[in-house]
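Chain by chain, the residues:
Number of protein chains: 2
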Amino acid sequence: MSSLEAETEPNSLPTQRSQIKRLPQRGEYDRQTIHQILDEGLVCHVGFVVEAQPFVIPTAYGRVGDRLYIHGSPASRMLRTLKESVEVCVTVTLLDGLVLARSAFHHSMNYRSVVIFGAATLVQDAEEKLQALKAFTEHVIPGSWSTVRLPTHQEVAGTLVLSLPLTEASAKMRTGAPVDDEADYALPIWAGELPLRLTAIAPVPDPRLSPGIELPAYVQNYTRSHPTELH
Amino acid sequence: MSSLEAETEPNSLPTQRSQIKRLPQRGEYDRQTIHQILDEGLVCHVGFVVEAQPFVIPTAYGRVGDRLYIHGSPASRMLRTLKESVEVCVTVTLLDGLVLARSAFHHSMNYRSVVIFGAATLVQDAEEKLQALKAFTEHVIPGSWSTVRLPTHQEVAGTLVLSLPLTEASAKMRTGAPVDDEADYALPIWAGELPLRLTAIAPVPDPRLSPGIELPAYVQNYTRSHPTELH
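The listed protein sequences derive, respectively, from chains C and H.
Numbering that gives the first Met the number 0 applies: residue 0 is where the first sequence begins, and numbers increase by one.
Numbering that gives the first Met the number 0 applies: residue 0 is where the second sequence begins, and numbers increase by one.
A hint or two may mislead.
No copy labels: a pair is met if it fits in one copy or bridges any two.
[Stated by the list, open to error] Taking lysine to aspartate or glutamate pairs in the EDC-like style, the calculated list, with each CA pair at most 20 Å apart, reads: (1) Lys-133 / Asp-179; (2) Lys-128 / Asp-95; (3) Lys-133 / Glu-181; (4) Lys-133 / Asp-38.
I should point out that these hints are in silico values taken from the structure, not numbers from a laboratory.
Predicted, not measured: the structure shown is a model, and the values here were computed from it.
So here's chain C without its partners, still in its complex pose (with noise of 0.2 Å):
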């Protein structure tokens, strides 16, 4: 049972942080392999530490270039705390299939995700924040930006936004079979992945929704792209 475990990267993160390369001197296929991978995902994990107690809160997120937005709500108690910076580490996560082995052992998932590292600062400029509000919304549907109603000034006051640098960053995946002992591949068991993805279903309108709005575009087609669908 080697579920998640880095197949493709012998050297696991947890307490190596100081090993990770960062960005700049890493290619240009791992930092496209970040984007790609905090672009497709909807939610991140935002670790904390308060009082040597770690916490593990989902919200979302949005990218812009080598910067992460992160809404701030689930954390606001302790920003008003801080004041200032927190150190987190974010981690986005995208499953993408569940790897079956012959043996129970070798079960794993093909997944891919990121950790970053560093310090997370509140966003103070109105305009910054505006644009962070705005890659919130595009990244988790694009396109709505331009015909939703966009933030008054007082709620861009009153959101907390986070700003993260992805310089330490890190994104790690295990895609294809599984790998059994080989003496197991002469078993009778059947072995593969079994992929899985994130769907849209049909969309259930607002129960106050006035008659005659139809449905947008950005809706109607709503898909999360995946590697394997690009062309």
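Chain C is already provided as a structure; the job is to place chain H on it using the hints.
Only chain H this time, still in chain C's reference frame:
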């Protein structure tokens, strides 16, 4: 933009660990909700602290009663250092849908999540560890344990498994339609929910699969149960 905010629970978790009610003091409804979310999810995010630095690592898990078993491989270095127990925060998040409001500010997500705090300990007992491995496998792909080649003593011994009681666990969720400002309901903008589901697509047989092995029912009929699809 109130994505993943705790609209159903105004007092958010992060800095209020002490206020989380303990499971025995809560109703059976809470316990069932927590179990259901954990059983439907596939990946948890484990948060822990090493030298004041937070880490958030995705990994596989399984539930046995009021105990969560966590696959320990991603945290193995840390565990080898600590030897005994480690304070963790384990979060499981299910994304149920995008909530599209008439205003960008009120966009949100429908989700269910469980946050568990506690001291995770290494499972030493071989029989308990085997039961945890069974829970991992049956959690990910129900019905497969009786078909696959079971773990050997050596494989059980070589697997790190963490045990975490579900004593200090809390569920949060958001469901239903967007909540817009009253004045915005008159706007000619579509609003509603776009439900998302994690769906299996066509299985990909292992290229080394022996001829004549049929696809088992537990793969062919694979689905993650979702409350609205339960009877």
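| Intra- versus inter-subunit Cα pairing at 20 Å for Lys-133 with Asp-179 | The answer is between: 18 Å across copies meets 20 Å, while 46 Å in one copy does not.
| Taking 20 Å as the upper bound on the Cα-Cα distance, should Lys-133 and Asp-38 be classified as within, between, both, or neither? | within (14 Å within a copy, 35 Å between copies)
| Homo-oligomer pair classification [Asp-95, Lys-128; C-alpha up to 20 Å] | Neither: 32 Å inside a copy, 27 Å across copies.
| said: I want to check one pair: Lys-133 and Glu-181. Are their C-alpha atoms no more than 20 Å apart within a copy, between two copies, both, or neither? | reply: neither (52 Å within a copy, 22 Å between copies)
In terms of the numbered hints stated before, the structure departs from hints 2, 3, listed from lowest to highest.
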